[in-house]
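Undergrad: Sequence:
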Amino acid sequence: RIDEGSPMVDARLPDGSRVNATLPPVTIDGPTLSIRRFGRRRLRRDDLMELGMFSPAMRELMEWVVRGRKNILISGGTGSGKSTFLGAIAEAIPNHERIVTIEDAAELILDQEHVVRMETRPPNVEGLGRIAARDLVINALRMRPDRIIVGEVRGGEALDMLQAMNTGHDGSLTTIHANSPRDALSRLETMVLMAGLDLPSRAIREQIVSAIQLVVHIRRCEDGVRRVQSLAEITGMEGDTPQLQEVFVFRSRGRQGKRLAGEFVATGIVPRVVEQMRAESFDVPMSLFQPGA
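Be aware that the sequence shown starts at 23, since it is given in my numbering, and climbs by one per residue.
Among the hints, erroneous ones may be present.
[Stated by the list, open to error] If you anchor each label on the Cβ, the simulated ranges turn out as follows:
{"id": "1", "residue 1": "M259", "residue 2": "T54", "range": "32 to 38 Å"}
{"id": "2", "residue 1": "E72", "residue 2": "G218", "range": "43 to 49 Å"}
{"id": "3", "residue 1": "D220", "residue 2": "T49", "range": "36 to 42 Å"}
{"id": "4", "residue 1": "G99", "residue 2": "T263", "range": "19 to 25 Å"}
{"id": "5", "residue 1": "D157", "residue 2": "F304", "range": "32 to 38 Å"}
{"id": "6", "residue 1": "F304", "residue 2": "Q278", "range": "37 to 43 Å"}
{"id": "7", "residue 1": "L45", "residue 2": "E119", "range": "42 to 48 Å"}
{"id": "8", "residue 1": "V147", "residue 2": "D69", "range": "40 to 46 Å"}
{"id": "9", "residue 1": "F304", "residue 2": "T49", "range": "50 to 56 Å"}
{"id": "10", "residue 1": "G290", "residue 2": "L215", "range": "33 to 39 Å"}
Honestly, the hints are just simulated from the structure, not real lab data.
Note that CB positions come from ideal geometry on N, CA and C, so glycine has one too.
With the sequences and hints as input, model every part of the structure.
TA: Okay, here's the thing in structure tokens:
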């Protein structure tokens, strides 16, 4: 429904495209209709690598950590490619696992056999019937999921997501709007507070450090190419501050014509999660972390 009493609406078309419509007085100069269409072909890991989003070594590491059931937070700005990256790395989840996805607008399409897709619902014209992401995360915990994927954390559901990650739902994935890996952790802390519980900041940070192993930060660069700027591991707390160490970074050398020149560089640091995985018989190649890999 869209009318003067409810001048904004979001909807989904049969082909999965998202529609947003507005009417005056919300849009002063007249009605608007925005349609967000998705490509006919899904972008997979090979496609994203060829487009310059990450290097072969970064791709291989992400496949290992997804299979190894590590929790990953993907950060970036609007239009940076977070959701596309999320869908691509989720392909590495084993086919037999039960996956529950939670989104404001269902966009993720996974090929695994046991996928339950859930979507939030806005209130009706009487202001009733709203189903928030937090409600769905809580409900997902009752569905015996092997993994929970939250398309994007925006509010109090961050607390429930962290608690799920900390109570046996390893290998969960989510995205967040942020300008850097450290900003992502700060924003996540703010969203936990939106749950309405009076939790000390240190307790929240300890939950974040305990729950999330890797932060992947993506940026849409000046040349229009979406690149992973940083792949960092959360290593623990120093005082009251969560500590990050970068495993891969993108180093720019400036423009060469229309394209940004640069390369993805391994910092030489071997993540602790990789050492844990190797102890669990995951044969992660150490050559991935050699500078120049």
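Undergrad: All hints, please: hold or fail.
TA: Against the structure, the hints:
1. M259 <-> T54: 32 to 38 Å: The hint (32 to 38 Å, Cβ to Cβ) is violated, given that M259 and T54 are roughly 46 Å apart.
2. E72 <-> G218: 43 to 49 Å: Holds - the Cβ-Cβ distance for E72 and G218, about 45 Å, lies within 43 to 49 Å.
3. D220 <-> T49: 36 to 42 Å: Given range 36 to 42 Å: holds, Cβ gap about 39 Å.
4. G99 <-> T263: 19 to 25 Å: holds, 24 Å
5. D157 <-> F304: 32 to 38 Å: Cβ of D157 to Cβ of F304: about 35 Å, so the range 32 to 38 Å holds.
6. F304 <-> Q278: 37 to 43 Å: The hinted range 37 to 43 Å holds for F304 and Q278, with Cβ atoms some 38 Å apart.
7. L45 <-> E119: 42 to 48 Å: Holds: the Cβ-Cβ distance is about 44 Å, inside 42 to 48 Å.
8. V147 <-> D69: 40 to 46 Å: Check passed, 42 Å falls within 40 to 46 Å.
9. F304 <-> T49: 50 to 56 Å: The hint (50 to 56 Å, Cβ to Cβ) holds, given that F304 and T49 are roughly 52 Å apart.
10. G290 <-> L215: 33 to 39 Å: holds, 37 Å
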